[in-house]
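As given, the protein sequences belong to chains Z and C, one line each in that order. Numbering of the first sequence is given in our numbering, commencing with residue 1078 and proceeding in unit increments. Numbering of the second sequence is given in our numbering, commencing with residue 184 and proceeding in unit increments.
Possibly wrong hints are sitting among the right ones.
[Said to hold, decoys possible] To give an idea of the interface, some chain C residues facing chain Z are shown, with a C-beta separation under 10 Å as derived from the structure:
1) L213
2) L218
3) A221
4) V230
5) T262
[As the list claims (entries may be wrong)] To spell it out: a stretch of chain Z is covered by chain C in this simulated footprint if at least three of its residues, at any positions, have a beta carbon under 8 Å from a beta carbon of chain C; those stretches are:
6) 1190-1197
7) 1285-1294
8) 1315-1325
9) 1359-1365
10) 1371-1385
11) 1429-1443
12) 1545-1552
[To be verified] Pulled a few chain Z residues facing chain C out of the computed Cβ check, cut under 7 Å:
13) L1187
14) L1240
15) L1299
16) R1302
Derived from the structure by calculation, the hints contain no laboratory data. Cβ coordinates follow ideal geometry from the N, Cα and C atoms, glycine included.
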Amino acid sequence: MTTVASERPVPRGLLAWAAATDHKRVGVLTGATALVLLLVNGAFALVMRSELAWPGTQIVGLKTYNELFTAHGSGMIYLVVTPLAFALAVYFVPLQVGAAEIAGPRFALLGFWLYVCGAVAMYSGFLTQEGAARFGWTAFPPLSDSTNSPGLGSDLWLLGVCLAVGGMFVLSGCVLATIVRLRAPGMTMLRLPVFCWTMVVTTLMTLTTFPVLIVALTLLELDRRGVGVFTSSGGPAAYQHLFWFYGHPVVYVMFFPFVGAMGEVIATFSRRRFFGYHAFVISLLAFAALSMSVWAHHMFTTGQVTNQYFSLTSTLIAIPAGIEYFDLIGTMIGGSILFRTPMLFAIGFLLLFLIGGLSGIMVASPPIDYHVHDSFFIVAHFHYTLFAGSMFAFFAAVYYWFPKVTGAFLREGLGKFHFLFMFVGTNLTFFPMFLLGEKGMPRRVGDYRGSDGFTGLNLISTIGAFLTALAIAIFVCNVFVSLRRREPAGADPWEGQTLEWATSSPPPRHNFDALPAVRSFAPLLDVREGKA
Amino acid sequence: MSRPSVVLLVWAGFLVVLGLVLLAWTRSPLMNGLLFGAAAGTVVLAVVALRSREPRRRFVPDVSFPTALTAVGIGLAVTGSAVGTWLLLIGSGLALVGLAGVVRELARA
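Chain C on its own, in the form it takes in the complex (with noise of 0.2 Å):
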């Protein structure tokens, strides 16, 4: 229990032990996909937090304005697949020139 990947296992532990016991009322695929898919899930967040290396060390800005509107890109594109297709080409040309300046943050880094 010292290292994080044993603490997600046991968690996924729990749900496939909880999932079996459903197996046992219903085989439902819907039902039973689910605590079996959230269980699969910590396992893979499992694996990850076992491969994790030695953090990098990596300047960020103490601000970052693309990042904010690669955001509100996302946000109106989002609300402009309801609202219109002119919405949507806004928010997704914003969340372009977000992304690039993301990139350019990170190139500069």
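For reference, chain Z alone in the conformation it holds in the complex (with noise of 0.2 Å):
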């Protein structure tokens, strides 16, 4: 259904903003709650580096440490890089396809409370007796049963990881929805935004796999109540294939919107239109098709999946994903390209992700993935993807979005010493985690030996991990600093070539006064070049 404008004033305040149905408060709400999160567990990651800066235990014992990793990792995926990409959803989907609001405004609402919900329940279990949760994120049995890993802060962590995970399901919903029955007239699914078709697929494995871990959290929920699901001797295998085929796909939900993202900076700061539309869609459907059937790569030590089925799917990824590459790469070959700071970011991440996804076709085959599996490679590889990958974009999507969300400007010159500490912190930190995981350096634990030859790297390490905390804390002033002091930026300050920049900045309440013609899935480009 559409909704109707209120005739009222909008309402100002904390509750009114708490209880908004208005799509863009709701993205607001989530990016916001999801940033703070970042900064909270990115001070566990902190705290974990200084740890492992030297031999011995200085700063957290080793039960502490074990919490701190679980936080962090649990922390990041449910509770920071999922919501941030559906914040940006919320918020910029209905504007890119030109609807006044979002499918089920009351829905989304109720998917940002939920995931709040989510959020304190798992950090709740700090505050308990036992402690918090300290099996990693996957919470595999029988470590994460009620023997060997006894408290509340367990069960708190299960359940709050359900209703983060079912909040984000709930969000998923209504981002299909209004891309399925709100489009603007002449909005073919052709003609959809780059970003918008990212989000087609993401929001396709969202609503496919994110129940499949919902109910094996409550299976295992119900296991540490004495019920005995996975207790069987292929028990554990079971719930590991029923978690990966949440996790992985979880990857890739991590990973297409900020593609989108990136196809949107690219094709603007390179003044040309998106190069191999078509090419882009077929192989995002392929590709978020292949990465639901890649799951037991994860499991290739257990010695139960069919390797080489898993290992053709995983290396089969390559293809769609350098189709990807090649679009967004072509779409700068010709272009008058503007060094912005979303376009520095945007390079970066091209550069970073190749890293990311290169060590992950390396892993993909099961050979090397016996000699790295459960190693700081590992650590390295996906820190490549979701932070030097995922993270990259998201602040060339803030940089790019911040002028449509609040009016102003982001400050150039603090945006480009933020993405230079940044590039170098991130690679400090992380690549020397290639070398202590081929070196036989183990993840998950919280001290080593001086004689194992791992203390230079993980001092370098943790020296690139501070210097990415600086780089946030440069981003987090340049906020207030643009907020306080206001650059105003116009209704398009880029010269954008989607729906959004064809609204004020910030947009009204019901998005648009008028619409331009949608003639192609850039409809501000065809009325600048005259074809509309």
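Need the complex rebuilt from these two chains, each delivered in its own frame; the hints are there to steer you.
Given below as structure tokens:
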């Protein structure tokens, strides 16, 4: 159903924000919450990196270290990167398809609050007598059963994840329904902007895999209460299948939206129409489907899966991924590129995600995976995809869309410092981890011996982590400075190509006063080129 | 590909093909069930998209406290299942009050 504008003035105040049905407010709330949790989980990472800088236990004990890496890993995946992707989608998909509202605005609000409740439940484990969960973000049984991980903190973690993931599930339903039902006249599926297409496949993966995780964790919670679900000989492997059926697609849930945002940024700052649109769309669908069929490559070393199939599908992913890279780079070729902060982050994303992607192809090969499984090599690989990839793309999107959301620019100078420190810090932090993993340092350990030869690389990695933290601090300062001393941005400060730039900054309650004709996936570029 | 339901069916088709290839290696009900289950779920979504009618215009208030209350109630009830019956009951009560408020909002729309 569509919604009708209220005649009353837009309500103000904290409570009015907390219960807002406007998709833009829900998007801002989700994004702001996720950013605060990014700072919290980043602080956990700094404590862990400080602990690992030298051999021995200096700052936290091993039990606390286990709690921290569980909170950091699960927090970043369930509470930060996935919600950041949906925050962008909830805000911008209705605008990009020319809708006055999101489909199911109450459901969107419900999804946000379920996510907040999940976050509170997960972290409240730290306040319990036995402490927070300490079995990693995967919660594999039997490590996570009530014998090996007793205490309320683990139960709260399991239920909190169910709530947070449930919230994202609800938000994704709203986003898909908006694309399916509320597109403006002329906006056919093959005229959807690139970001919206990435959200189509993201929501499909969310809707088909997130319920599987909720079921798995609910069964695990029942297990902890003595029901005996995963206690048989094949139980732990069955849990891993259920978990990774969510756990691998979610990597792409945290990737595709940012690739879509990159497509918008690169096309806008290259002053060119997106290159290879149809190939991009087909490769996205194939990519998303393949990503649903690779989950058991996380289980090569269990001996419980057909390695040939999962190695084949994992390697095949390089083809659609290559097409998407080719499209992004092809958009830049021949363009008059503007090296503004969003574009710098976009180029950083292209370079760094390549390292994450190529190391992923390496571990898709079972012999290599046997060698590096559960080592720091894997930690390096997924941080290059999730931090060096998704977070760089997220910051590109923030610098790009901040003027639309607030009506003011972020400071360009501070943005470039932010990029520089983050690029150097990220590589200093994560590249040594490849070498540590290759040398045999296992992941999820809070200590090592001086004679292991890991000290130098760990120290470099820790220095890099603090440099990255400095970059994030610069970003936070930039936001505050830019909001206090505003440099006003007009409706279309970048000469954007998609419909969100056809309305004021920030957009009015029901988004548009008038819409241009939609004849392609870049309607504003059509207007500028006289094609509409 | 110009219609959403076709897009969903194409994606479901990809999943079916991948599921059939997996069948050549293993008959594990769990592994095959996950892939074919996802395909079936997508087909259901495609049917829903195909049958969806022209959206009906409806008033939605700018703020909906009952919706937020419902979510917080659900959150407390779920958490209460581990913490204790008292929290479960408080959460369930809040969720019910919230739901009643949503129903009232819908009736007034």
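Now for the hints, and whether the structure bears them out:
For the restraint placing C:L213 at the interface with chain Z, the shortest Cβ-Cβ distance is roughly 5 Å, inside the 10 Å limit, so the hint holds. With 10 Å as the threshold, the beta carbon of C:L218 comes within range of chain Z, its nearest partner Cβ sitting at about 6 Å, so the hint holds. Checking C:A221 against chain Z by beta carbon gives a least distance of about 4 Å; that is within 10 Å, so the hint holds. Restraint check, C:V230 versus chain Z: the minimum CB separation of about 12 Å is more than 10 Å; hint violated.
Hint status for C:T262 relative to chain Z: holds, with the closest Cβ pair at about 5 Å, below 10 Å. For a cut-off of 8 Å, the count of residues in the region 1190-1197 of chain Z with a CB near a CB of chain C stands at 6, and the three-residue condition holds. Counting residues of the region 1285-1294 of chain Z whose C-beta sits closer than 8 Å to any C-beta of chain C gives 3, which meets the bar of three, so the coverage hint holds. With 4 residues carrying a beta carbon less than 8 Å from a beta carbon of chain C, the region 1315-1325 of chain Z meets the three-residue requirement, and the given coverage holds.
For a cut-off of 8 Å, the count of residues in the region 1359-1365 of chain Z with a CB near a CB of chain C stands at 3, and the three-residue condition holds. Given as covered by chain C, the region 1371-1385 of chain Z passes the check, having 5 residues with a CB less than 8 Å from a CB of that chain where 3 are the minimum. For the region 1429-1443 of chain Z, the assignment as covered by chain C is violated, since 0 residues bring a beta-carbon within under 8 Å of that chain's beta-carbons and 3 are needed. A count of 0 residues in the region 1545-1552 of chain Z with a Cβ less than 8 Å from any Cβ of chain C is obtained; the coverage claim is therefore unmet, three being the minimum.
For Z:L1187, the suggested interface contact is upheld, since its CB lies about 5 Å from the closest CB of chain C, less than 7 Å. Restraint check, Z:L1240 versus chain C: the minimum CB separation of about 6 Å is within 7 Å; hint holds. The interface hint given for Z:L1299 is broken, as the beta carbon of that residue sits about 11 Å from the closest beta carbon of chain C, more than 7 Å. Residue-level restraint check for Z:R1302 is violated (minimum Cβ-Cβ distance to chain C is 9 Å; threshold 7 Å).
In summary, the numbered hints that this structure violates are 4, 11, 12, 15 and 16.
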